[in-house]
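Using the sequences and the hints given, assemble the complete structure.
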Amino acid sequence: MKTVPLATVRTRGMIGVDTNADHLAARRLDTHGNPVGEPLWFGYDLTGTAAHRDAQVRHALNRLLHWAKRHSLAIAVEDLDFQAEKTREKHGRRTRFRKLISGMPVSRLRARLVSMAAELGITIVAVDPAYTSRWGVQHWQKPLTTTTRKTTRHDAAAVAIGRRALGHPIRLGVPPRPLRH
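Heads up: the sequence shown begins at 1 in the numbering used here, then just goes up one per residue.
Treat the hints with care, as some may be off.
Cut-off 20 Å, straight-line C-alpha distance, at most; resulting in silico cross-link-like pairs (SDA-like, lysine to any residue) [claimed, not checked]:
id: 1; residue 1: LYS69; residue 2: ALA126
id: 2; residue 1: LYS69; residue 2: VAL4
id: 3; residue 1: LYS69; residue 2: LEU40
id: 4; residue 1: LYS69; residue 2: PHE42
id: 5; residue 1: LYS142; residue 2: GLY37
id: 6; residue 1: LYS69; residue 2: GLU119
id: 7; residue 1: LYS2; residue 2: GLY121
Pair ranges (Cβ atoms, derived) [stated by the list, open to error]:
id: 8; residue 1: HIS59; residue 2: ALA126; range: 21 to 29 Å
id: 9; residue 1: ALA51; residue 2: GLU119; range: 17 to 25 Å
id: 10; residue 1: ALA50; residue 2: LYS150; range: 33 to 41 Å
id: 11; residue 1: SER115; residue 2: PRO169; range: 30 to 38 Å
id: 12; residue 1: THR49; residue 2: THR148; range: 38 to 46 Å
id: 13; residue 1: THR11; residue 2: ALA118; range: 14 to 22 Å
id: 14; residue 1: SER107; residue 2: ARG149; range: 28 to 36 Å
id: 15; residue 1: GLY48; residue 2: ALA111; range: 14 to 22 Å
id: 16; residue 1: ARG153; residue 2: LYS2; range: 32 to 40 Å
id: 17; residue 1: HIS52; residue 2: SER115; range: 17 to 25 Å
id: 18; residue 1: ASP128; residue 2: THR31; range: 14 to 22 Å
Think of the hints as simulated: they come from the structure by calculation, not from any bench. The beta carbon of each residue, even a glycine, is placed where N, CA and C say it ideally should be.
Shown next as structure tokens:
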């Protein structure tokens, strides 16, 4: 696996990806952190056999990676780890929440994404997941909503993830800080 300097990766923009229980929400961003084009969703179905689930995840990732390759962009994802979140001690009887978290194939998806991206020569940037969904909704959902398209919380989170990977503040209207080398 090849390591690329972050400054080099940021020169063309980024694709921010929000991982969800049934789809990947992706948004393309320019170098200034502004959304470009329409958001895309890459769905997968996690019911059925293990082979079926794996094929669904591979197909969604394949579509995402080919879209990134077509635009020559790196992909920014949250560095999620739910192992500590699955315990009963942490969330008590909130079984619905624990089932949702347990159903997300985060580690399998991440491993598959890294290996498939390496084959295609696409760089993956992992960012801190803290508040990306909340701040994405707070600062990006309303400005990106138009009369013809309602922006979802997942699309807004993808923008927040991409902006964080590009080194820009998530908030709208805040000038980007100069990068320190």
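Verification of the hints:
{"no.": "1", "hint": "LYS69 / ALA126", "result": "18 Å, holds"}
{"no.": "2", "hint": "LYS69 / VAL4", "result": "16 Å, holds"}
{"no.": "3", "hint": "LYS69 / LEU40", "result": "15 Å, holds"}
{"no.": "4", "hint": "LYS69 / PHE42", "result": "15 Å, holds"}
{"no.": "5", "hint": "LYS142 / GLY37", "result": "16 Å, holds"}
{"no.": "6", "hint": "LYS69 / GLU119", "result": "11 Å, holds"}
{"no.": "7", "hint": "LYS2 / GLY121", "result": "9 Å, holds"}
{"no.": "8", "hint": "HIS59 / ALA126: 21 to 29 Å", "result": "22 Å, holds"}
{"no.": "9", "hint": "ALA51 / GLU119: 17 to 25 Å", "result": "21 Å, holds"}
{"no.": "10", "hint": "ALA50 / LYS150: 33 to 41 Å", "result": "35 Å, holds"}
{"no.": "11", "hint": "SER115 / PRO169: 30 to 38 Å", "result": "32 Å, holds"}
{"no.": "12", "hint": "THR49 / THR148: 38 to 46 Å", "result": "39 Å, holds"}
{"no.": "13", "hint": "THR11 / ALA118: 14 to 22 Å", "result": "20 Å, holds"}
{"no.": "14", "hint": "SER107 / ARG149: 28 to 36 Å", "result": "33 Å, holds"}
{"no.": "15", "hint": "GLY48 / ALA111: 14 to 22 Å", "result": "20 Å, holds"}
{"no.": "16", "hint": "ARG153 / LYS2: 32 to 40 Å", "result": "34 Å, holds"}
{"no.": "17", "hint": "HIS52 / SER115: 17 to 25 Å", "result": "20 Å, holds"}
{"no.": "18", "hint": "ASP128 / THR31: 14 to 22 Å", "result": "21 Å, holds"}
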